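Using the sequences and the hints, build the whole thing.
Number of protein chains: 6
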Amino acid sequence: MTKERVAQFKEERKSLNEIVMKYSTNKIKKFYSLDARIYKEETLPKKIKELIGLAASLVLRCDDCISYHLSQCYEHDVTDAELEETIAIALIIGGSITIPHIRRAFAFWDQLKNGTAHGV
Amino acid sequence: MTKERVAQFKEERKSLNEIVMKYSTNKIKKFYSLDARIYKEETLPKKIKELIGLAASLVLRCDDCISYHLSQCYEHDVTDAELEETIAIALIIGGSITIPHIRRAFAFWDQLKNGTAHGV
Amino acid sequence: MTKERVAQFKEERKSLNEIVMKYSTNKIKKFYSLDARIYKEETLPKKIKELIGLAASLVLRCDDCISYHLSQCYEHDVTDAELEETIAIALIIGGSITIPHIRRAFAFWDQLKNGTAHGV
Amino acid sequence: MTKERVAQFKEERKSLNEIVMKYSTNKIKKFYSLDARIYKEETLPKKIKELIGLAASLVLRCDDCISYHLSQCYEHDVTDAELEETIAIALIIGGSITIPHIRRAFAFWDQLKNGTAHGV
Amino acid sequence: MTKERVAQFKEERKSLNEIVMKYSTNKIKKFYSLDARIYKEETLPKKIKELIGLAASLVLRCDDCISYHLSQCYEHDVTDAELEETIAIALIIGGSITIPHIRRAFAFWDQLKNGTAHGV
Amino acid sequence: MTKERVAQFKEERKSLNEIVMKYSTNKIKKFYSLDARIYKEETLPKKIKELIGLAASLVLRCDDCISYHLSQCYEHDVTDAELEETIAIALIIGGSITIPHIRRAFAFWDQLKNGTAHGV
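Chains as they are written, first to last, in my numbering: chain A, 14 to 133; chain B, 14 to 133; chain C, 14 to 133; chain D, 14 to 133; chain E, 14 to 133; chain F, 14 to 133.
Honestly, the hints are just simulated from the structure, not real lab data.
It is possible that some hints are incorrect.
One copy or two, it doesn't matter: identical chains are merged, so the pair holds either way.
DSS-like cross-link-like pairs, simulated, lysine-lysine; straight-line CA separation at most 25 Å [claimed, not checked]:
1) 53 x 40
2) 35 x 126
3) 59 x 27
4) 126 x 42
5) 23 x 43
6) 60 x 43
7) 126 x 27
8) 42 x 59
9) 126 x 40
10) 23 x 60
11) 126 x 60
12) 40 x 60
13) 59 x 43
14) 60 x 35
15) 23 x 42
16) 43 x 53
Values in this document were obtained by computation on a predicted structure and should not be read as measured data.
Here it is, written out as structure tokens:
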């Protein structure tokens, strides 16, 4: 896992989303905007919503979704302990089949922390 | 959905777990005890761990797991708003395929609240 | 499978959706309305959209979703042959794990056809 | 779980398969016959094939498939220890989300053993 | 995503299928031939069968299957509008967890259209 | 698929597990040790446990888990015929959506056999 993985992930995501928008009508666009809105801070703090999103992405085993929620967790000051407790819940619920994703999740987290700053 | 559903759920769960234990060796038993331990309050409050467990169970679409976490959420004073926000995250991640489970989840929650007390 | 299953399915669905709406804010409601809109006839005929929804529900193995799309297929004059071809695709993609759902799907279809009319 | 569950399971399965056959063309029928053929004893003993089918059904969380493979395991003299070891593998791979199915699996096994004979 | 992705996808698929055939007996081969047969035009047009296969592959989140059905859709003159409507159904059913696959699907479609001809 | 894939797979797995351990408390560690223990030879031979693990990983479609169990199968002298029979069961249960993983599984097996020795 090279040092550039975080930046590369964000770049690719942005460029692919542009292609989605080129082909999408209002339906897919509405889904995207509802998706963004549901994670906004309400009664539950933003940080907790991102941990919930992370756990759901882990048990459904989607690396891109996991990386996205990890980067959001990092931006909202999730601690190592909070992350580990959330991942442990996902592991016990989802079983060993989630382990390859958990390995990549911790490696991505490690990379996020070793970047230079929040704006990475 | 009859009024007795909550009690019936707990009763059946208990009686089936006894059959599991009759056949289980140390392996399955260790899994059960690790499972219990992972939800204990640490840095994350118990309530948040249960909401995470609920969201993971919703996207994996397991009614019994959903009912269990809902009863734990109820015992730990999760509010309607916290529940709705968590379920909305599960819905957007997991899609409309989760809706039948979300219907039953809110119906079970309604039943939990209409029971007489925490000890239900 | 009793003769009343179709009516009972629709009744329960309606009554549970009322409970969902009681607890839902704008987020879940927006999801519901986007869901309804996506199945409206556009370039693809309504009937084809329902067959697509049916196949997706079959491979994801959700009985309630399958029953719903079957009732829509019936309302929009899907033929037995079109249904069987769609189910065969779902079976080959999703494997034998879908068979219990396919059994219940054909039984529900049989019941829809043996009802008195479109308004069942 | 009443004493009649095993017989009822076999009866319902048979009656539903008749409806499937009523609507099926050669495609679904070929799938059924390939399915039957793959479980026939070859290099791997029939018993092992059924344990493999059971584990796969457990991690995919399909109660009907689990019950079917359990009844086959019972017919082919799988021991309690072999069953428990197989279920432990499914549990660690599939996680706690499989537990409700594992509960019902052991209960069904218990019922198979408490029936009168192999011909149950 | 480089310009050669479509050709590379087809090349790798062919070369890997040769290894599968080297190890396969009649069982796996029969599955392959039943798979091919089920997508042949019958009452439903070939194009519709491919859209159904695409939607099922999207909700099950298999990139290779998605790419395969997209290339079939392209060969059978699916329009951008038909594709977008099908993908919108898969998105609402399967949820945001399908978005990374939908991004790659539109990018692959874009590449198919920018190739020189149907024989790409 | 280059000749070095097997060695590379083992190397990456080891290096990522070190990152997991850096962040893990006792909970994730206990899961890892229970996981190792469940595959130890008991009544069922080690070889059979690995075939069961392989089939479960195939239907859940996790390439890393599949590669791991394949390398264990190779170390414990699973034959081509035993492998093919197990994969055929996974294919019929899991459907054509497993085919891309089955392709990569046979390619990985081919590579394991073409390595120099058991210690690969």
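Taking the hints in turn, this is what the structure says about them:
1. With identical chains, the CA atoms of residue 53 and residue 40 are at most 25 Å apart both within one copy (21 Å) and between copies (11 Å).
2. In this assembly of identical chains, the alpha carbons of residue 35 and residue 126 lie at most 25 Å apart only when taken from different copies (13 Å versus 34 Å within one copy).
3. When the C-alpha separation of residue 59 and residue 27 is checked against a cutoff of 25 Å, the pair qualifies only within one copy, where the shortest distance is 22 Å, while the shortest distance between copies is 33 Å.
4. For a Cα distance limit of 25 Å, the shortest separation of residue 126 from residue 42 across copies, 22 Å, qualifies, whereas the shortest one inside one copy, 32 Å, does not.
5. Only within a single protomer do residue 23 and residue 43 lie at most 25 Å apart by alpha-carbon distance; the minimum there is 22 Å, versus 28 Å between protomers.
6. Taking CA atoms no more than 25 Å apart as the test, residue 60 paired with residue 43 passes in both settings, with 24 Å inside one copy and 23 Å between copies.
7. In the homo-oligomer, the alpha carbons of residue 126 and residue 27 lie at most 25 Å apart both inside one protomer (22 Å) and across protomers (21 Å), since each shortest distance falls under that limit.
8. In this assembly of identical chains, the alpha carbons of residue 42 and residue 59 lie at most 25 Å apart whether taken from the same copy (23 Å) or from different copies (21 Å).
9. Within a single copy, residue 126 and residue 40 get their C-alpha atoms only as close as 37 Å, which misses the 25 Å cut-off; across copies the closest is 23 Å, which meets it.
10. In this assembly of identical chains, the alpha carbons of residue 23 and residue 60 lie at most 25 Å apart only when taken from the same copy (20 Å versus 32 Å across copies).
11. When the C-alpha separation of residue 126 and residue 60 is checked against a cutoff of 25 Å, the pair qualifies only within one copy, where the shortest distance is 17 Å, while the shortest distance between copies is 28 Å.
12. Taking the shortest alpha-carbon separations for residue 40 and residue 60, only the inter-copy value of 19 Å comes in at or below 25 Å, while the best intra-copy value is 28 Å.
13. For the identical chains of this complex, residue 59 and residue 43 are neighbours both inside a copy (21 Å) and across copies (20 Å), given an alpha-carbon limit of 25 Å.
14. Taking the shortest Cα distances, residue 60 and residue 35 sit within 25 Å of each other only across copies (23 Å), while inside one copy they are farther apart (32 Å).
15. In this assembly of identical chains, residue 23 and residue 42 lie within 25 Å of each other by CA distance solely inside one copy; the values are 20 Å within and 31 Å between copies.
16. Taking the shortest Cα distances, residue 43 and residue 53 sit within 25 Å of each other both inside one copy (16 Å) and across copies (15 Å).
Violated hints are absent here; each numbered hint is respected by the structure.
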